[in-house]
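Q: Since the structure of chain R is provided, determine the placement of chains L, E, U and G with the ligands on it from the hints.
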Amino acid sequence: MKVTRSNVYSRGVILSVVVITLLMTVLPLWVSNNAIERLTVLFIYITLAAMWNTLAGFGGLISIGQQLFFGLGAYATIRLSDLGVTPFVALVLSALIVGLLSWPISRFMLRLRAGEFAIGMWVLASIGHLLVNLDPLIQGETGISLIALNQYPIETRRTLIYWSALIGMLGLLLGLFCLLRSRAGIAMQAIRDNEEAADSIGVDPEKVKRWFFLFAAFGTALAGALWLAQASTFQPKAYFSVQWTAYMIFMVLVGGIGRFEGAILGALLFFVVETWFAATGVWYLVGLGAVAMLCSLFLPKGLWGFIEQRLGIQLIPVGYQVTSPTSQIAKPSPKETLCRHSEKPSS
Amino acid sequence: ADEDTIRIGFISPRTGPLASFGKTDGFVLEQARKSLAKGLTIDGKHYQVEILDRDTQSDPARAAQLAKELINQDIDLMLAISTPEVINPVADASEAAGIPCLSTVMPWEAWYYGRGAKPGEPSPFNWTYHFGFGTNEFYQTYLSQWSLLDTNKKVGVMYPNDADGNAIRAVLAPRIAEAGYTVIDPGAYETGTSDFSSQIALFKAEGVDIINSFPIPPDFAAFWRQAAQQGLHRQIKIIQIAKTGLFPSDIEVLGSLGPKIASAAYWHKTFPYTSPLTGLNGEQLTDMWEAETGEQWTQQLGATLSLLDAGTEALKHSNNPKSHDAIRDAIASLNVTTIAGKVDFTSGPVPNVASGPIIGTQWIKGTGKHKLDYVVTENVTDPNVEVSHTLQPYNR
Amino acid sequence: MQKTPYSQLKATGIHKSFGHVQVLNGIDFTMDTSDAIGIVGPNGAGKSTLLSVLSGAQPPSKGRIHLNDQDITQLPARHRAKQGLVRTHQIPKPFSGISVFENVFVAAIHSATPNRSEAYDIALESLELCGMMHIANREADSIGLLDRKRLELARALATQPNLLFLDEIGGGLTDGEALQLVDTILTLRARGIGIVWIEHIVHILLRVAKTLICMDNGRILAQGLPSHVMANEEVMRAYMGGSQHA
Amino acid sequence: MINSLIQAILLGGYYALVACGLAFMFQVMRIINLAHGSLAILSAYIVWEITDLLGLSPFISVLMVLPIMAIIGLILQRIILERAAKGGELLPVLTTFGLAIVIDNLLFQQFGANTRSLSPYLGDLSWESYEIMGLWIGKLPIIVLLTAVVVIGGLDLVLRFTPLGRQIRATAFDPDTAGLVGIDARKVAGISAAIAMMTVAISGTALGLRGTFDAYAGGPQLLFAFEATIIGGASSLWGVFIGGIILAMAQSLGALIHPQGFLLGGHFVFLVFLFARIYLGNHALLFKHWLSKCFAKGGVL
Amino acid sequence: MLNISDLDVRYGQFRAVQGVSLSIIKGETVSLIGANGAGKSTFLRAIAGALPCHQGRITFKDENITLSSASHRVQRGLALVPEGRRLFSDMTVEENLLLGKTTNRDGEWTLERIFETFPNLVKRRTAKAGNLSGGEQQATAIGRALMSNPELLILDEVSLGLSPLVVDQVYDSIEKLRQTGTTIVLVEQDLARAIAFSNRAVCMLEGRIVLDKPCAETNRDEITQAYFGLDPSQTQEAI
Ligand SMILES: Nc1ncnc2c1ncn2[C@@H]1O[C@H](COP(=O)(O)OP(=O)(O)OP(=O)(O)O)[C@@H](O)[C@H]1O
Ligand SMILES: Nc1ncnc2c1ncn2[C@@H]1O[C@H](COP(=O)(O)OP(=O)(O)OP(=O)(O)O)[C@@H](O)[C@H]1O
Ligand SMILES: [Mg+2]
Ligand SMILES: [Mg+2]
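Chains as they are written, first to last, in my numbering: chain R, 1 to 347; chain L, 1 to 396; chain E, 1 to 246; chain U, 1 to 301; chain G, 1 to 239.
Here chain R stands alone, though its shape is the one from the complex:
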């Protein structure tokens, strides 16, 4: 009778992750500029998706206001580099600052429940937006550009941003992985499912939730800063737009919410769709919407959820499996665990 946390696949995965990482790092030597720039975008998307999944998927904290941190991350970068901090330092610093800022925010927002929290965050985001608009440096919606970056010749600049996006993504994913496998990780899922019960067995919901909130805020802010670095134009409207959260929702739910691989898969999908079809204008958007709808209707557990239940594999194990030599344990055929017990707790 023993408990395992990894499986044949996952060992394979660890290996391939390492390989891919190395590949990615040296990639700029070979591939085209366009590929580099697109990949940078992809990394940012993955980061965003993973961060939203952290909150909603594992924490049950559905926020429609993550653009707050995205925007603030970018804004802080502008501010810092205006003070003469070198851009790439500013990226990290600003993410840290926003991460800190999200602490007092969490103290209030985490008291809100479901719908209220979701909308509350949205409102908070647009407050953030309006306040940033008041900054004379930003000149209202006019915004300003990160011209400090122009000091780098385009090739270096492109590669540096690529690397920082890559490092940022890997770092955050690793962080998330550890967080999920930690005591806090399983506790957070317990809280998601029933806060009172969690409290009654010694879990401190306040604290755990706050950690997740901070982590997501930090990651999202970093993504915002990176996005600014590669687009270099800062217009508040563009960064504090709810569309960013909409994309996160899209990527996570399509990929498979509450599944580590899901967010990544969703981001990939979104990225591919964008790369191939964006040029078709209106129809691209219609398509995007349609995909979102169809997925939510026919793959309620997202693409990865679907794969998982078909093949019963889990590449990146964050859960626990009880295994026994005399396997008298009902190995959950994925299907079975899937079909929900229609019985709701009656209060």
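Calculated from the structure, these hints are not laboratory results.
Watch out, some of these pointers could steer you wrong.
List time: in silico DMTMM-like cross-link candidates among lysine to aspartate or glutamate, alpha-carbon distance up to 25 Å [stated by the list, open to error]:
hint: 1; chain 1: G; residue 1: K26; chain 2: G; residue 2: E108
hint: 2; chain 1: L; residue 1: K369; chain 2: L; residue 2: E313
hint: 3; chain 1: G; residue 1: K128; chain 2: R; residue 2: D82
hint: 4; chain 1: R; residue 1: K237; chain 2: L; residue 2: E69
hint: 5; chain 1: L; residue 1: K369; chain 2: U; residue 2: E49
hint: 6; chain 1: U; residue 1: K86; chain 2: E; residue 2: D141
Non-contacting residues of chain U with respect to chain L, defined by C-beta distances greater than 10 Å in every case (computed) [stated by the list, open to error]:
hint: 7; residue: I71
hint: 8; residue: L74
hint: 9; residue: V102
hint: 10; residue: D156
hint: 11; residue: P163
hint: 12; residue: L164
hint: 13; residue: S236
hint: 14; residue: I242
A quick note: this is a predicted structure, and the numbers were derived from the prediction, not measured.
Think of the CB as a built atom: it goes at the ideal place given N, C-alpha and C, for glycine as much as any other residue.
A: Frame of chain R; chains L, E, U and G with the ligands shown alone:
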């Protein structure tokens, strides 16, 4: 081979909230492509010209992505048009990649200062250039427009907290005041505001004769309808708006409140110029458009064409269109006449900018096949444009 | 995690009301933390509420609760859990999104021991005790009602409590199952774990409880040796009715 | 001052009307409907089409649009919401988000970039107003306010006191069990969707009458609507009415303090409200309880 | 009255009920007995239409209802008191009860009758069902089912969480119900009571029926054996 094709990137918002800026582009590009079909001959050498047009879907993030994508398809010249949401990201991307970029239509201050240039300091931009009106033109135009009627010289201003609004507030308002007008400024408002009663109350209390505003269409509709409900419109002689009122539909939606609203145009079909690229003049261009689509002409027709004019002229003047530096230098020293008039980078207000006209106009009840007509009432910023109508007071 | 050893839980003058509804009015009760106490009483008497108050899920509107001589009236449930006071819920509240094992494991790692492998053993053991091994990997959402009740117990056990509050975990068990349950409880007793057990199936209760409390209308109607309490005709009237099935 | 107060109330009525469709879905059907704005715009366009074709007054064409939207609602319920709602509270967010994008862009495809408004079809009514002792009160805003009262009041009555209302709430809470007590869950869900869409139609018309709209005008409306809904709380639909007015007042107050304060004011008050409810909520209860106890004591003495 | 022929109910590929056949005559009182996890609830939920049948056939009053919706079955007079109550917890007790008569079939059950039967509900009339005590909730659930004046009442774990006093009350009222000719199927874990009350005992084990006898002819031990599967001889003697 690639050596003798020139590739021009053209980025504009064809769909999304800004679509009314981009809706004529397809047509204009078609004309341009027709005339470029034979290609260009630049000092002796013959080139094919290819225009790669992209739609930002009114999304700044996407604008930046498109710009990079085009740059990586190694274009030789980038053209961007319409509002800051489109132009600034594209310009920044071009600046970063060292691709010459030419743009027009938005006020140049928002383009120049909005991208990190500081007043008094040397221009931080080596690759990006913009032509078109700025606050100075607005200043001249408004003074001459408002002097057409006798008023108590009290101007109520409604400037939003956005690119244009801020540029205007900073520069225009003080100068109007110097010129002897009393400026009543309730302060910047955020776009999306839906109740203006405090501003309206103020204007009524101050008994302003003139109102000047730079709102987006929905805001203006809300503001002006509420103003009418408060009876403000009865006291207003001139309601002078920019940004809203560029396109007929903005005014049509105001119903009976629409006619006699004063506006200002960066292009009008009566501009007495012909396009060096297509050889069309304003009347011809707009007639073709109306014939082809059945829709009323908009000033964006001329603006887009003028951008293509200027772009192609720059290519011609650079004796080597495959060299970015050559093109850049050509633009920097460009001094040509497009369908929208002079584009002269040698005498701009700041480096990288050539100023263009903005003509006093007014929307009046349509006499022809359209609900409304757009008529010229004033021409200080370009005397070649002929004044066809006298400005009518709004409240009579 | 080292649990402070203690011997006495004391509640004085406990009142609880929700808006206008007076649910508990003036409960005084003291117990040795190694005792086995059974609580019976008509529906709506306030038993579960009393449990909530004792376990810290809800603060009393009035009154004090002492553990030894430490006042824990305001101490939130999670801290009490860490001190060994844990309750199960009458209407099971499983963590439906995670597996049965994980349900139990959370409890173990947060209240019993921060050490992973120890926590594993504790979790597995309490699953074993409650006979849930065979569904250890099932998503908690997919198990039937009684399994949910068992899960409640297993989860509570995994915190390695000194004093267990059980709320109708025996309801709906067949006699056989009920007897198994009693055995489980008795093993816990053997380890010196105290029990406060609400149950309507009195004959099960009596196999464990050394003291019986009968509540009605938020008051303690009778308290003492089971035989006496059950004999008390007030109890008869309020609770047993004419029923012979005890 | 008084004037801006009145203006605020009128604006509030408008918000309430725009929000009530959303509130209905949020409170009763438990769906966070991100497509609310887009659906409103859709109906605005339909109203516009009819008005323009038949040269009717918008007020008439609304009546014609109601059944259309009702049917749309039914269809939505059958092919989209029904499935989405099964997947928990989150899934509908994605579904309706997708729906919103689809609607917006199809509308754009169909109607192009031009901004439109229904007000021209009202002639001068769109800006006429009553002048009462120096105060100007627009006729249109009054109409909107009254409509809000009627619609919300009506819905509220239905939900509270009619069997249908009960069934709607029950079905939304737990369709399976609803079936077990003999409610035809699908039918009822369909009906409530239809009702929701009819209110949305009214919202859309109000929107088109008061201001301008284009294919993408749906989004911006959403946040205000949500704010009004949430301030209003989940207890009753009247909440959204109060919510709308509170929001509007906060905004005008903000605007009085500083013109840029319009939106900020609204947002701040929104948050303040949420937290007030959290922190004072139980205290309020205590207070009541304390009162009742004094009362009891009084009785004893 | 109710005819079930080899019914199969599955969760995923897990067969919770395996080829069960059973037929119930009008006016009978059948108690369904079985260990935890035997498949009783699943079986009953399938009868009531809350779960789809994987295969098999259900006829009620000579009408094939295998595929018809739960609400239709209630309409026809088949009501289930689900395990775990399943109240509409944010509606008041009264509203919950009123919902019971959605199908308004005529019969003598009215709000007042319910409150007479469960006096402990009277003072909670306007309380939210979610805030009720366990027992109060159980009572409300039963009341809700009664409000539809069923001809066949199915009670899953009736006495679960009810105090003996209330249990007696409940059984008294079911008794009354029975006299009015209502057919009753109930899951009762208190064997003695089950045998005493019903006139037929059906015993399930791992999704199958392993014993089906008139109570008169059977006894405690036989049944206990049956549901621990001690005696394989008498598997599946469907009628
Ligand atoms: N939603 C579900 N998904 C998977 N398996 C389930 C589900 N619901 C119940 N089961 C399994 O089906 C079998 C029968 O469950 P059921 O609840 O019908 O048994 P029961 O006889 O009612 O037991 P109890 O006495 O606990 O009510 C059990 O093994 C249970 O674990
Ligand atoms: N949150 C609440 N709000 C209002 N009333 C409540 C709340 N919780 C419980 N009550 C009421 O308090 C009374 C006691 O509830 P409690 O659950 O303690 O009863 P109980 O003794 O556990 O009954 P049972 O044996 O049926 O579980 C009941 O009348 C119940 O309706
Ligand atoms: Mg209880
Ligand atoms: Mg059962």
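Q: Taking the hints in turn, state whether each one holds.
A: Tested hints:
no. : hint              : result
1   : G:K26 <-> G:E108  : holds, 19 Å
2   : L:K369 <-> L:E313 : violated, 36 Å
3   : G:K128 <-> R:D82  : violated, 58 Å
4   : R:K237 <-> L:E69  : holds, 23 Å
5   : L:K369 <-> U:E49  : holds, 21 Å
6   : U:K86 <-> E:D141  : holds, 15 Å
7   : I71               : holds, 28 Å
8   : L74               : holds, 31 Å
9   : V102              : holds, 14 Å
10  : D156              : holds, 25 Å
11  : P163              : holds, 39 Å
12  : L164              : holds, 35 Å
13  : S236              : holds, 26 Å
14  : I242              : holds, 18 Å
Checked against the numbered hints listed earlier, the structure breaks hints 2 and 3; every other hint is satisfied.
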